[in-house]
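Colleague: Sequence:
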Amino acid sequence: MSLEWKDGYKIGHDEIDAQHQQLFKLVNTVLAAKDKATLTACAMALFKYTREHFAHEEALMQRLDYPAMAAHKAQHESLISRLNEVSARIANGTLDHQVLEVFLTDWLLNHIANSDIKLATYIQATVE
1 MSLEWKDGYK
11 IGHDEIDAQH
21 QQLFKLVNTV
31 LAAKDKATLT
41 ACAMALFKYT
51 REHFAHEEAL
61 MQRLDYPAMA
71 AHKAQHESLI
81 SRLNEVSARI
91 ANGTLDHQVL
101 EVFLTDWLLN
111 HIANSDIKLA
121 TYIQATVE
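Heads up: the sequence shown begins at 1 in full-length UniProt numbering, then just goes up one per residue.
These are computed hints drawn from the structure, not numbers from a lab.
Treat the hints loosely; a few may be bogus.
Said to hold, decoys possible - Here are the computed lysine-lysine pairs in the DSS-like style, where the Cα-Cα straight-line distance is at most 25 Å: (1) Lys25 with Lys6; (2) Lys48 with Lys10; (3) Lys48 with Lys6; (4) Lys118 with Lys73; (5) Lys118 with Lys6; (6) Lys25 with Lys73; (7) Lys118 with Lys25; (8) Lys118 with Lys10; (9) Lys34 with Lys48; (10) Lys48 with Lys25; (11) Lys10 with Lys25; (12) Lys48 with Lys73; (13) Lys36 with Lys25; (14) Lys10 with Lys73; (15) Lys36 with Lys48.
As the list claims (entries may be wrong) - Distance ranges between label pairs, derived from CB positions: (16) Met1 with Arg89: 17 to 27 Å; (17) Asp35 with Ala70: 33 to 43 Å; (18) Tyr49 with Glu85: 11 to 21 Å.
From the three backbone atoms N, C-alpha and C, an ideal C-beta is built for every residue, glycine too.
Could you put together the complete structure from these sequences and hints?
Modeller: Structure below.
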């Protein structure tokens, strides 16, 4: 399986949209990994970039005094915790590839569609 970026996923903030596109690419490298070493390396790259992306979003939310920042940041923290669990399961060989696929797809699409779009709406209203 491969996740395909679609314009419908854009939230209207160029920098965040570019980061989301990069997340799609990194998720696809994880999903395409065929052996444990490749999977581990690709997952680590994805998880590192995800942390950077979240830090960028959180700095933006703080700068704009985003009223839902605490809830959005809590989602980030929950996702990081789940990524740490996934990382441990990859390392010890107990993570089913299909479970990984469902988790990554659900996480990425739902976070963009539900949380980041709300942030983008606030950004657009604040800037205008």
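Colleague: Sort out whether Lys25 lies within 25 Å of Lys118, counting only the CA atoms.
Modeller: Roughly 23 Å between the alpha carbons, so the hint for Lys118 and Lys25 holds.
Colleague: Please test the hint of 11 to 21 Å on the beta carbon pair from Tyr49 and Glu85.
Modeller: holds, 18 Å
Colleague: Would the hint linking Lys36 and Lys25 be met if the CA-CA limit is 25 Å?
Modeller: holds, 19 Å
Colleague: Is Lys10 close enough to Lys73, meaning Cα to Cα at most 25 Å?
Modeller: Answer holds: Lys10 to Lys73 is near 20 Å, not above 25 Å.
Colleague: Between the alpha carbons of Lys10 and Lys25, is the straight-line distance 25 Å or under?
Modeller: holds, 15 Å
Colleague: Given the hint that Lys48 pairs with Lys6, does the C-alpha gap stay at or below 25 Å?
Modeller: holds, 24 Å
Colleague: Taking only the CA atoms, is the gap from Lys25 to Lys6 under or equal to 25 Å?
Modeller: holds, 12 Å
Colleague: If you draw a straight line from the CA of Lys34 to the CA of Lys48, is it 25 Å or shorter?
Modeller: Holds, at roughly 20 Å.
Colleague: Between the alpha carbons of Lys118 and Lys73, is the straight-line distance 25 Å or under?
Modeller: Status holds; Cα separation ~13 Å.
Colleague: CA of Lys118 to CA of Lys6, is that 25 Å or under?
Modeller: holds, 18 Å
Colleague: Between the alpha carbons of Lys48 and Lys10, is the straight-line distance 25 Å or under?
Modeller: holds, 22 Å
Colleague: Is the distance from the Cβ of Met1 to the Cβ of Arg89 consistent with 17 to 27 Å?
Modeller: holds, 19 Å
Going through the hint list in order, the structure satisfies each hint without exception.
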